[in-house]
Amino acid sequence: MTHFVPSPPLSTASDKRSETDIAGNRQIVGGLRARWHKMDGWLRRSLKLGAAGILLVAGLLAELGTVVRVQSTDAVVSAPRIGVRAPIGGVVTAGGVAIGQTVKRNAVLARISDARVSRLPLEELETRAARLRAELAAAAKRRQDLVALQADLTQRAQAHSRVLA
1 MTHFVPSPPL STASDKRSET DIAGNRQIVG GLRARWHKMD GWLRRSLKLG
51 AAGILLVAGL LAELGTVVRV QSTDAVVSAP RIGVRAPIGG VVTAGGVAIG
101 QTVKRNAVLA RISDARVSRL PLEELETRAA RLRAELAAAA KRRQDLVALQ
151 ADLTQRAQAH SRVLA
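At position 117 of the sequence shown the residue is numbered 117 (our numbering), and the sequence of numbers has no breaks.
Take these hints with a grain of salt, some might be off.
Claimed, not checked - Across the chosen pairs, the derived CB separations fall in these ranges: (1) G53 - V97: 22 to 28 Å; (2) A98 - E126: 28 to 34 Å; (3) Q150 - R81: 34 to 40 Å; (4) P121 - L55: 47 to 53 Å; (5) R81 - L149: 49 to 55 Å.
No wet-lab data here; the hints were simulated from the structure. Please read all numbers here as calculations on a predicted model, not as lab measurements. Just so you know, even glycine gets a beta-carbon here, dropped at the ideal spot from N, CA and C.
Please model the entire structure based on the sequences and the hints provided.
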């Protein structure tokens, strides 16, 4: 009866290092496992319950953050808080809204003014907005012209089909 004996795998220096690392890790795990089994039953049980409790509390806190919201009599409050800092030479003035007061959409809550700030970006945006409004008006006019042209072509096509029929 013959037995099959596999040849040993070719090894390199890096393989030997990894084998020693694996052996060291096995010793560490084995030592921890031995310590775990030497513990009293009540101590192991309490550690397991403590770890489960920590995971349960973390899961509940994560889930409650998405479920619980502060509500008023009118609606759900979900507005983000914004930190506002005045520039060095600027002034922040309140917009006349009291705490707890109902605020309408697009109401001014505060104004920040600074005479030293460059108005160039604002002017560029206003110029761009004006240009886009003009382009929008031109596109609307072009659409009206195309609709009128389509109606005219449809009418001509119908008249042509009546003549051919």
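- Task: State, for the Cβ atoms of G53 and V97, whether the hinted interval 22 to 28 Å holds or is violated.
- Result: This hint is violated: roughly 45 Å between Cβ atoms.
- Query: Taking the beta carbons of P121 and L55, is their distance inside 47 to 53 Å?
  - Reply: 50 Å, holds
- Supplied distance hint 28 to 34 Å, evaluated on CB atoms of A98 and E126: 32 Å, holds
- Query: Holds or violated: 49 to 55 Å for the Cβ distance of R81 and L149?
  - Reply: Cβ of R81 to Cβ of L149: about 54 Å, so the range 49 to 55 Å holds.
- Query: Honestly, do Q150 and R81 meet the 34 to 40 Å range at C-beta?
  - Reply: 52 Å, violated
The structure does not agree with the numbered hints 1 and 3 stated previously, though it agrees with the rest.
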